[in-house]
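With these hints in hand, go ahead and build the complete structure from the sequences.
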Amino acid sequence: MSLFGLWFLQLLLVPALSPLFIGIVRRVKARLQNRVGARVTQPYRDILKLFRKDEVVSADASWIFSSAPYLIFAVSILLGASIPLLSAHLTATVLGDLLTVVYVIALSTFFLALAGMDTGNAFGGFGSSREMTVAALTEGGLIFSLLALAFTAHSSNLFVIAGAISSLSLLAFTPIILAFVAFVIALLAETGRFPFDNPATHLELTMIHEAMILEYSGKKLALMEWAAANKFMLFLALGANLFFPWGLAASASPPALILALGALVFKLLVFCVLVALLESSLAKFRFFRLPDLLFMSFILSLIALSLIV
Amino acid sequence: MLSSSSFAAYIPPGFKPKFEGNLATGAVSVSEIAGVCHDLYFTRGLELKTITATDERNRGGGFRIFYVFGVPKQNLFIIPYIVLADTAEFPSLTKDIHEASSYERRIMTFFGLSPAGHPHPRPLILHENWPADVFPLRQDFNWQERPAAARGNYEFYRVEGEGIYEIPVGPVHAGIIEPGHFRFSVAGEEIMLLEAKLGYKHKGIEKLFENLPLASTLRLAERISGDTSFTHALAFCQAIEQLTELPVPRRAAYLRVIFSELERLANHANDIGFIMLDTGYSFGGSQGARLREVIMRWNERLTGSRFLRGVNVFGGVAKDITPEAGNELEAALQAWQRDFDQVIAIAEDSHSLLNRLEDTGKLDYQLAVDHGIVGVAGRAVGLKKDARLDYPYAAYAELPLEIAVEKDGDVRSRFYVRVKEARSSVALILAALKNLPRGECSVGEQRVKLARNRCAVGLAEGWRGEIVYFVMTGDTGDLARVDVRDPSFVNWAVLGHAGRGNVVPDFPLINKSFNLSYSGNDL
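Protein chains in written order, with the working numbering: chain A, 7 to 315; chain B, -18 to 504.
Don't take each hint at face value.
What the hints assert, rightly or not - Below, simulated SDA-like cross-link-like pairs (lysine to any residue); rule was C-alpha separation at most 25 Å, straight line: (1) B:K178 x A:N127; (2) A:K59 x B:A155; (3) A:K55 x B:G156; (4) B:K178 x A:A128; (5) B:K188 x B:R119; (6) B:K178 x A:G131; (7) B:K178 x A:H208; (8) B:K178 x A:E210; (9) A:K225 x B:G156; (10) B:K366 x B:R404; (11) A:K55 x B:A155; (12) A:K59 x B:V153; (13) B:K401 x A:L288; (14) A:K55 x B:V153; (15) B:K182 x B:G156; (16) A:K55 x B:I157; (17) A:K225 x B:A155; (18) B:K76 x B:R86; (19) A:K59 x B:I157; (20) B:K182 x A:H208; (21) B:K178 x A:G126; (22) B:K(-3) x B:P53.
To be verified - Under 10 Å between C-beta atoms, here's a sample of chain B residues computed to sit facing chain A: (23) I158; (24) V485; (25) D487.
In case anyone wonders, no lab produced these hints; they're calculated from the structure.
Idealized CB from N, CA, C, for every residue including glycine.
See the structure below:
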């Protein structure tokens, strides 16, 4: 398969699979609460339902409010094509650099926060304010945990990193594990999971991500929800394929890619179960305790980095 | 019959009351009422139960304002009243007795009598769309006609300063809860001021009591606050039974304890679950819901109603518990308690949960005393008050019960008061089942005739706190006035204080730890 073909495949893969992983997390959580829970395909139905619904847009909304969902969704699928999902090939993509990826994510967060404030809704305002607080503090941990990998691989290209880590000896793995822990904390913060945010809450005053998209309805809400699912899968895939890059296809032949897809789905399933376990055994942290956790992520990355350099 | 000597220690000099049952009622001149109440409240340490008014202008009187004081442990009530013949002003006690404030504002709103000297006499419950000169509890108010909509102004307290902004929340919420509006003034995430605007569920309950046939009023009482159906009906029944002198069979007294405690158990399990859920601890949330459901199904099995409606009747209860059902209930409750203990043990193992509960929504002790806080919120700051022991009713005097208290006044304390009470409720039900006397469970079908021109007070400890009914009959033995004081009415006044200084995302948790009734407050 040509490089373009592979890139195109990745472009479709994330939006096609991401709702499934949200459904799996919900299902596992339901089981852990002695509930049956909805089918794992429920998020697909929800998105489909929202696409069929009418929209209500506030009279005070500006172009930011109406364009943000498209931008955020586009960024989320573009990023899906820019990270190693199935193979460590594709090194030539423009977006494959870790700094580009992190800051394109920041760009979509920025627009999300702007959209939250756009209608002047009080909930959107504090949702955005909280999101920016958390995002600013997460950045350090996220960048430095990935930098630890970059220094190991002597490259900031994510595909090169994935290739280099897979050929690392087990002895050299200690700093990678530290960086991974730092990355997981950043992942939970970025994707609005416990202990930072509660994606299942109905309490408007406690929301972060949900508060920002409270004014959306219909198709735009569908895009926002879908983009959030994409982002969740994106981060899980980054964690799976940068820190544990085994199972990546060595060539771009269809059988190798299918095998690689199987490995990816398996790794993401394990991650989903872990997230669900975490969310079922933990209470959400008090808002002012979150910075402590994010600093811990930053410091763990620094330690990992100092062990490598 | 009680003699006047049992009251002797609680009658201030100059107050010449009439003794009827467990009440000492008497007129006091307008100029002396502040002194008499000060004496009762501070010198004699009595509890203020309610302040309420009646409109007797069409019977040749004027307005009367009753100050209902209770004597704990004695089950006596001292009720001085003033008569306002040709004035619409009464002296406010608020500056002396702080908890009088809400009662006086309520009288002002519903009777159009103004509390002279009240520091901040704002209307309560009725909103700015209610005309300012229409007073629904006056006798000349036509309750079947909708008054013209007014366009008044509702002023919230305002905090000014750099970086302060207001968050309006409700009355429509994202979750399925009752309607109420909260106005937060915040600096960043910290709550500087929190004010609740209630009244969205006002439905004219007190006016309905005066107009419905007596037989229907009990059903009305059951619907004042749906989750407290049984105990509301019980408090009302107890007031009515005083006026009819219906002898309640001993078996009914025990059954009332059992049903009342089942209601408490279901609601406490629910609250314990919801407190955990609101911290995001979903395991605890679903276990609470499950434990509540077990009890609700027992309610349905025993009485045919999950909310125990239609169980209380004047003079007893309509549903008996057969010995077989009693045995099964006993085994089920023992299993329930083991289940409950396990859930609590798992929750106590979660540091992230306990961390969220500790120091959150702290209520100051003195503040609670000044506002006369009742129920779970009061016991969580260490106020050892419980109507089941202070004003023993039904069969509580014959059953073992210890008041559950905590001292910190935070969410954790309110959580643990509920945990302890759930355990003591199980013990109470088991003891009541064991000692259940034989006999009838009600006095049976008979025409209930109320004594004329009498007052009565009915008191019962609902799961939220003490419910007070003040009932007055007219010349024909009709219900001339029913004043309902749900515990929520008292406790809403301090929610803002408990919220202050916390971060906004903690407010839902604080609110849930109080879990006050909107319906019971708005009436």
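Taking the hints in turn, this is what the structure says about them:
no.: 1; hint: B:K178 x A:N127; verdict: holds, 20 Å
no.: 2; hint: A:K59 x B:A155; verdict: holds, 19 Å
no.: 3; hint: A:K55 x B:G156; verdict: holds, 21 Å
no.: 4; hint: B:K178 x A:A128; verdict: holds, 18 Å
no.: 5; hint: B:K188 x B:R119; verdict: holds, 9 Å
no.: 6; hint: B:K178 x A:G131; verdict: holds, 22 Å
no.: 7; hint: B:K178 x A:H208; verdict: holds, 21 Å
no.: 8; hint: B:K178 x A:E210; verdict: holds, 18 Å
no.: 9; hint: A:K225 x B:G156; verdict: holds, 23 Å
no.: 10; hint: B:K366 x B:R404; verdict: holds, 18 Å
no.: 11; hint: A:K55 x B:A155; verdict: holds, 20 Å
no.: 12; hint: A:K59 x B:V153; verdict: holds, 22 Å
no.: 13; hint: B:K401 x A:L288; verdict: holds, 24 Å
no.: 14; hint: A:K55 x B:V153; verdict: holds, 24 Å
no.: 15; hint: B:K182 x B:G156; verdict: holds, 17 Å
no.: 16; hint: A:K55 x B:I157; verdict: holds, 22 Å
no.: 17; hint: A:K225 x B:A155; verdict: holds, 20 Å
no.: 18; hint: B:K76 x B:R86; verdict: holds, 13 Å
no.: 19; hint: A:K59 x B:I157; verdict: holds, 23 Å
no.: 20; hint: B:K182 x A:H208; verdict: holds, 22 Å
no.: 21; hint: B:K178 x A:G126; verdict: holds, 22 Å
no.: 22; hint: B:K(-3) x B:P53; verdict: holds, 21 Å
no.: 23; hint: I158; verdict: holds, 9 Å
no.: 24; hint: V485; verdict: holds, 5 Å
no.: 25; hint: D487; verdict: holds, 7 Å
Checked against the numbered hints above, the structure violates none of them.
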